[in-house]
Every structure is written in C-alpha cells, then in structure tokens.
Amino acid sequence: MQNISHQYRRSTFLFLIFSSLFLISHAQWYDPQKVDKKAADLFAKAMETADEVKYINAIQQVTEALKLEPKFVDAWLSRASLYATIKNYQLSATDFETAFQLDSVYSREYYFQYANSLAGLGQFSNALTAINKFLSIPQLGEQTIASANHKKASYEFAIDYDKNHPLKNYVFAPQNMGDSINSAALEYFPSLTIDGKKMIFTRRTNGDEDFYETNFINDKWSKAVPVGGKINTNLNEGAQNISQDGQWMIFAGCGYPEGFGDCDLYIAYKTDIGWTEPQNLGGLVNTDFWESAPSLSADKHDLYFASSFGEGYGGKDIFVTHFLPNGKWSRPQNLGPTINTAGDESCPFIHADNQTLYFNSNGHPGYGKTDLFFSRKINDSTWGKPENLGYPINTVDDEGSLIVAADGRTAIYTSDPADTKGGLDLYTFQLREDVRPSKTLWVKGKVFDKKTSAGLASFIELTEIGSRRIISKIQTDAAGNYLVTLPVGKDYAFNVNHKGYLFYSDQFLLAANTPDSTYLINIPLQPLETGAAVVLKNIFFDSKQFALKTSSIDELDKLVQLMNENPQVKILISGYTDNVGKPADNLLLSNNRGKAVVAYLVSKGIPVQRLSFKGYGETNPVADNTTETGKAMNRRTEVSVVSN
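For the sequence shown, the residue numbers in the numbering used here are 570 to 1213.
Heads up, a few of these hints could be off.
[What the hints assert, rightly or not] Using C-beta positions, here's what the derived DEER-type ranges look like:
(1) H870 x P1084: 38 to 48 Å
(2) D1126 x H870: 40 to 50 Å
(3) T1196 x A1080: 14 to 24 Å
(4) K954 x D1154: 47 to 57 Å
(5) G1199 x K1139: 53 to 63 Å
(6) P1084 x S716: 34 to 44 Å
(7) I728 x K799: 46 to 56 Å
(8) S1022 x N733: 56 to 66 Å
(9) P1084 x S1112: 20 to 30 Å
(10) K954 x S1022: 30 to 40 Å
(11) K946 x F785: 26 to 36 Å
(12) E956 x S1022: 46 to 56 Å
(13) I728 x A1116: 53 to 63 Å
(14) K799 x P894: 22 to 32 Å
[Claimed, not checked] EDC-like, lysine to aspartate or glutamate: derived pairs with alpha carbons at most 20 Å apart:
(15) K1200 x D1111
(16) K869 x D1046
(17) K1015 x E782
(18) K1127 x E1207
(19) K946 x D1003
(20) K1013 x D913
(21) K938 x D949
(22) K1173 x E1098
(23) K990 x D748
(24) K702 x D748
(25) K767 x D731
(26) K1173 x D1126
(27) K897 x D913
(28) K1106 x E1030
(29) K1015 x E1030
(30) K721 x D1111
(31) K1059 x D1111
(32) K1015 x D976
(33) K767 x D788
(34) K1015 x D1003
(35) K640 x E666
(36) K606 x E633
(37) K792 x E827
(38) K1008 x D1046
(39) K732 x E956
(40) K1013 x D871
Just so you know, the hints here were simulated from the structure itself, not pulled from any lab data. Only a predicted model underlies this, so the values are computations on that prediction, with no experimental measurement involved. From the three backbone atoms N, C-alpha and C, an ideal C-beta is built for every residue, glycine too.
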C-alpha cells in the first residue's frame, strides 16, 4: 500500500557496475587480473550473496577478501556500494574514499555513488563537488549525464534550502516507538485519534496486511493487537485512517471481489463489539484505477486520498471528496497543479487544524527521490505553494507517510534506519517550528432537546471572528454527538442550530492565550416556544458604544434566518451591562444596544412588528461583578421568544 518495495528491491544495477569495472583498461596501476585468487573467489561469492539480497553477509565476505588483499580496489568499491544499499552512508563514504586513494582513475566512475553517500550524510556541498567530478569524465553516455545532472540539481536544491532555512538549535532525533508497536514484521501508515490516545497502523506479515491498534495509557503505548470486528480479512487491506473522534475507519482494499479497480476505498464504523463490515465508498469516489492513502479531516467533511485516475496531472494525484448531508460522498476534485505534478503525489495527511496538508511527492523540487511536503489552505478551494520539509526529515531516499498530532509538534512517520526492529518501523520526532501546523484543541459533546433530553442531529458552524471565515461546518451524528477542532491563535464564534429550536451561541477566544485543556460541552437546544431564551455570545460592541461591530454580522444573520424560517415568531432583544459606571448610563447603553440589533434585523427585511427591545442595564446579573470574567458574562445580549 505504501510503495514499500523500493526498500527491498534487488540492487542488480549496482552489481552490473561492479562487473563492468573488470573491463576498465585505463587504470593507473590497479589490475583486477592480478588480485589474489582466494580473495577474488571470496569477492565473486560475495557478489552472488548480494544478488540474493543478503547484504550483511555479502559485506562480511567482501571484508574477508580485503583481509587477504588490502589493495583490492573492486572490493572497496563494492563494499562501499553495499553499505550504501543498507543506508550506512558513513562507512560507504569511507570505503569509496579508500578506493579513490588507491587508484583515483580506476575508481572515478564511482564518484556518482560516492556523491549519493555524501548526500545521505547531509554533506551536500561535498556531494556537489563529487558529482561535478563524475560529470567531468569524458565520453559519458547521454542517459548517464542526464541522471547525474538530476542528482546535481537535487544537491544544489539542498544547499539552497539550508541557506534559506537555518536549522538553528533544531535536533532531529527520531525515536523508535518500541516493541509494543514495532516488530520483526513491517509497520507503516500510522493514524491517531485527536486526543492522541489511540493509534491504528498497518502491519505486514508474510505479505498479508492487517490493522493493529494500540492505546496510550499511563504515558506509554500498550501492546498492539489486531483491531476487533470484521475489517481484517485474508484479502489485502491497508493504508487505513481512523477519524479524529475514533468512530470511522477508511482504508484501501485491494483485490476485493466487488471493487471497481485495483484498490478501492472502504469505510467501517466503530460499534461496541468492534468494527462493522466494510462498505465500498462507491463509484463516484472509486474508479477502475487505483485509490488509496485516505486522510479524513477532523470534522469528517473532507476525505483526501491518492489516485492514479487517468485524468490527473501525473502518475498519482491527490483528490478530495466531501461528505454530503444525504450521507453520500461527492464526486472527487483534483487538488490541482499547485499540489499535483507530472510525477507522483501520495500519502496525504490533513492535520486537525483543517488547514495544513502533508503529503509526499517525487515531482516537486527536492532531495532526489520521494520527499515530504506541506501546504497551507488559502481558502476552501485553493492551496498555498508546497514547501519541502527539508533535510534531515527528507533524505536522498524515499520518504513515506507522515502524520502530526493535534499538538502541532509531535510527528510520527515510517522509516527503516539502522535501529529498526525489522524493516519498516514507526518512529516519532518533534517537527521544526517553521513546518508545524497550528496547535489544535477541540470541543466535543452532545446536542440534545432541553425538555426531553433526546439527541438532536444538528448543524454546527465554527467561524473565525474578525475575518468571518468559516473554519468548520459539520453535522452531528444521528444521536447528536459532535467534535469540532479549534486551531489556537484565533478567536472563534460557535453556533449550533436545529430546525424548530433556538440556536445555541458560544465563543472560544484563543488568540490571546492557549489553554491546555480541551472542551466538553453538552448543548441543550430549546424548542422554539414562548419563553425560550438564549444569550447571543457573538454580538460585539466597543466599550461604552452601541454601534454593532462587523464581527457581529454572522450571528445576526443566523437570527435573520431563524426569523425567516419561522414567520410567526416574535422576539424580544434584551441588553445588559456590568456594574461599571452610573446605573442610568448603563440602562441607556443597554437599551441602545438592543435597539441597534432590532435595526439590523429590520434592515434585513424582518417586520418591525415582530421585534421589540429593552435595556436592563446592570440589573439581573448572571455572574459576580467583582471579577473580569463575571463582568464579561454580565455584558450580554439575549433573545427571547415572545410568541410563536
């Protein structure tokens, strides 16, 4: 599912180069025909072992040959290439340098691979020097020159990136997530719930992929076990994504008998007894091509995924489909040429902030193979120019899937460095500050009828105060349960509505401070009947003023909508103040504020006969006026139903 085969391919190309070196006739002094026969036999056996993908054993055999023949240049070059294959770039570079010292002319074709090993160590300036030496070799073939120039461009990119992104005190120290998660099998495609308490990942054992889950309990991850229910089968499923609330799982199923193409997207739902039977997302989302690598937005409204659908910009592109009020998914939209290229884009991950998209690509400028990038949303249909995550997150090798926790700092990704438990493992590290998404809190709870306590399937809207940009617009589940994310650094208006009820109004002021806690708010909606009342928490006035601020418009328009949908309803707008100032002044101010709200409603076509207002000044406080928090609660505008 995750293009993992490149990590384990037979490196026959390297060994074709090894063999060709015996034909070189322009050596300064080294003659491969004069190598000690026993050493040559050991070397030949090592090459056979390497062709069997037993690289460690091959290295040991080459080492034995070098003990017999310390000036065996081919052995130094071959061991250097073997070390590079297992990503031990330091020993690789050292062996290449030994070979160059022994015979620089005979070994010069290996400056190409030497440059790559230097780049693997992050020594991009030295790598550029090495590749330029390689390009200076006379009579190179056109294809070889093109390949070397591609490498040269990646090293120049890396040097330029370092100049423009000084690392300062950043330390990249990926930590293996341990024996509870990683095993001798392959682990990849991590997926977290928003609270960071549950992780689902794919484990591949003997070619069979299954989903495993682990829980973060007492500051450590529990022993991973197969997920319960009906998802894991003897078929090929992988590349899963658990919704932020832990209730949905979307994954790629390949070779399923009812599938539309090679791999389709499926969805399953959490129940008390495990996950339900997966359902195909249908023919609008899935095609007769390849669909995989799903990532669901925190509000479960947007599903990003990769597809090889033939009408894209390259081999694989990233698409998005939207969850519709009728419970179906919309026709997918290609994210466009800003994100997608003539190459491959895959492994999208939309952060909980619903604004930052991470993905991998071999089409954008980078370090030579598949790199990790991120892009920030400009508006609902436009993304900013992707930015490379840079070295050492990106390397000269292929990078796979990466996710970032709600804290905006903690990343989890798939890798196979020297301390792997067995092939691909899951690792965690701290992201550099300049490539982080917004730290994201969340509010969750249940919407219900205040009188009957029955859950209400309602619409919830989160709007950025000031810009009036809608951040999230979701529908609760049938029981009224919801989860809405709150990226820190901004102030939000929060509204909940259900036809036949007064809407609910709240606000989250996160621009000035960043609370550590999340919010649990159960919302009782009041049936639209005489006497029902609600505080309009997103009606704003300047201090001691009664002119409505523009940031009040969204809430006022919801009140207009309520009045239009219920033409028989009459309401009273009540204004209140705190106890600062003279009571008479406060009474006049509150009256004028109520009058201003009514004037706005009339300007939007609501008959004045259905509206009334009254100011109550500092009377009827709802909180203690001795604290600033209490005073803020007392400065309020209420709407109450006079008749219906």
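Output the numbers, in ascending order, of every earlier hint that fails for this structure.
-> 1, 2, 5, 6, 10, 17, 20, 21, 22, 24, 25, 27, 30, 32, 34, 37, 38
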